[in-house]
Every structure is written in C-alpha cells, then in structure tokens.
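J.: Using my numbering, read the sequence shown as starting at 1 and increasing by one per residue.
Accuracy of the hints is not assured; some may be wrong.
Below, computed lysine-lysine pairings styled on BS3-like, alpha-carbon distance capped at 27 Å [claimed, not checked]:
| no. | residue 1 | residue 2 |
| --- | --- | --- |
| 1 | 25 | 129 |
| 2 | 84 | 104 |
| 3 | 25 | 122 |
| 4 | 29 | 78 |
| 5 | 27 | 129 |
| 6 | 104 | 27 |
| 7 | 25 | 104 |
| 8 | 129 | 29 |
| 9 | 66 | 29 |
| 10 | 85 | 104 |
| 11 | 81 | 66 |
| 12 | 66 | 78 |
| 13 | 104 | 122 |
| 14 | 122 | 27 |
| 15 | 129 | 66 |
| 16 | 66 | 85 |
| 17 | 66 | 25 |
| 18 | 66 | 84 |
| 19 | 85 | 25 |
Here are the in silico distance ranges between beta carbons for each label pair [what the hints assert, rightly or not]:
| no. | residue 1 | residue 2 | range |
| --- | --- | --- | --- |
| 20 | 132 | 83 | 41 to 49 Å |
| 21 | 66 | 108 | 41 to 49 Å |
| 22 | 10 | 65 | 20 to 28 Å |
| 23 | 54 | 98 | 22 to 30 Å |
| 24 | 77 | 54 | 31 to 39 Å |
If you're looking for bench data, these hints aren't it; they were derived computationally from the structure. Note that CB positions come from ideal geometry on N, CA and C, so glycine has one too.
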Amino acid sequence: MTIHISIKGGLGNQLFQYAFGVYLKEKYKANVYYDILPLNFIEKNLTNREYVLNEIDVNIQLTSRKTHSLFYSQNNNKLVKIVKKVIRMFHNYRFVSEDLFDEKLLINNYTYYLDGYWQDTKFADLIIKKINESPNLQ
C-alpha cells in the first residue's frame, strides 16, 4: 500500500499530518509520502504557510510532482478532470478527504492520497519522543 498525505497549515498541523503518516506506516507497513506542494497554493482567506517539518529533523519522502498533479490541478477544464479521474481509477489510486476516511476500507494494493489535518492524539503520541530528541529544538 502506498499513501500520500497532503501537507498544509502551520507547524502544528504539519506535525499531526506527519504523525498520521507514521501511524499508517507502522500499522500497515505502507510506503508513506508527503505532498508539500499544496503549501504553494494559497486558498482564499488562508495564511501563506511554509514547509517547516525539516526544522525539527524529520526525514520524510516527498510526493513527486507527477503524482501530485493526478490529484491537484489549477486547470478547471472538465475534460482534464475526467482524464485524471480515469487514470486514477485504472491505477487503483484513490483520493480520500479526512471527513470520508475509514481506516477499515484501506486496500493493500491501492495508492491513496489523503487530504486532511488528522488532529488526533493517538497519532501525535507516536512522534512526541522524536520531537523531544530533535537537536534543532534544544
């Protein structure tokens, strides 16, 4: 199983998103990638944010631009959206937002792009020790 997690928001949100990825990696032995490209797009009424996980010595694998482009697009052309949806369908790619996420529905040979903030302490507990040991925070 391969999982891509959208990184957005400030340090707190990014920590929860990272922790969620660690949880999924440990529980499902999944390959986890983090997509920092959404930080480049400022949505209406949102504060511009930067990728800051690298400041706390977090070593993560990043989502490629190619994979990112299958899920995000600045192009609102309906044909482009349909083509991307068909490509995702044939390659067992699934986009899942946090409000629709159900862990029981994860399928091993699929690739998931998960979009949300994932603010749950059960995820955060997994990385607290790593954060406390970070030389950048001492």
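J.: If a hint holds in the structure, say so; if it does not, say that too.
T.: Hints versus structure:
A hinted pair counts as satisfied when its Cα atoms are at most 27 Å apart, and residue 25 with residue 129 qualifies at roughly 17 Å. As the CA atoms of residue 84 and residue 104 are separated by approximately 26 Å, the hinted pair is consistent with the 27 Å bound. Only pairs whose Cα atoms come within 27 Å are accepted, and residue 25 paired with residue 122 is accepted, the gap being roughly 14 Å. Our distance criterion of 27 Å between C-alpha atoms is broken by residue 29 and residue 78, whose separation comes to about 36 Å.
Taking the CA atoms of residue 27 and residue 129, the gap is near 18 Å; set against the 27 Å cutoff, the hint holds. Pair hint residue 104 plus residue 27 holds up; C-alpha atoms about 12 Å apart against a cutoff of 27 Å. For the hint linking residue 25 to residue 104, the alpha-carbon distance of about 15 Å falls within 27 Å, and the restraint holds. Restraint check for residue 129 and residue 29: the C-alpha separation of about 20 Å stays at or below 27 Å, so the hint holds.
Note on residue 66 and residue 29: the hinted pairing holds, with a Cα-Cα distance of about 23 Å set against a maximum of 27 Å. A C-alpha spacing of about 23 Å is found between residue 85 and residue 104, which places the hinted pair at or below 27 Å, so the restraint holds. Straight-line distance between C-alpha atoms of residue 81 and residue 66 comes to about 15 Å, which keeps the hinted pair within the 27 Å bound. For the suggested pair residue 66 and residue 78, the alpha carbons sit about 19 Å apart, so the restraint of at most 27 Å is met.
A C-alpha spacing of about 17 Å is found between residue 104 and residue 122, which places the hinted pair at or below 27 Å, so the restraint holds. For the given pair, residue 122 sits about 12 Å from residue 27 by alpha-carbon distance, which is consistent with the 27 Å threshold. A distance of roughly 34 Å separates the Cα atoms of residue 129 and residue 66; the hinted pair therefore is violated under the 27 Å criterion. Taking the CA atoms of residue 66 and residue 85, the gap is near 14 Å; set against the 27 Å cutoff, the hint holds.
Restraint check: the Cα-Cα separation between residue 66 and residue 25 comes to about 22 Å, which is no more than 27 Å; the hinted pair holds. In summary, the hint linking residue 66 to residue 84 is supported, as the alpha carbons are separated by about 11 Å, within the 27 Å threshold. Of the pairs offered as hints, the one joining residue 85 and residue 25 holds, with about 26 Å between alpha carbons and a cut-off of 27 Å not exceeded. At about 46 Å, the beta-carbon gap between residue 132 and residue 83 stays in the expected band of 41 to 49 Å.
As the Cβ distance of residue 66 to residue 108 is approximately 23 Å, the hint placing it in 41 to 49 Å is violated. Take residue 10 and residue 65: their Cβ atoms lie about 23 Å apart, and the range 20 to 28 Å holds. For the pair residue 54 and residue 98, the supplied restraint of 22 to 30 Å holds, since their beta-carbon distance comes to about 24 Å. Remark: the range hint 31 to 39 Å for residue 77 to residue 54 is upheld by a beta-carbon distance near 34 Å.
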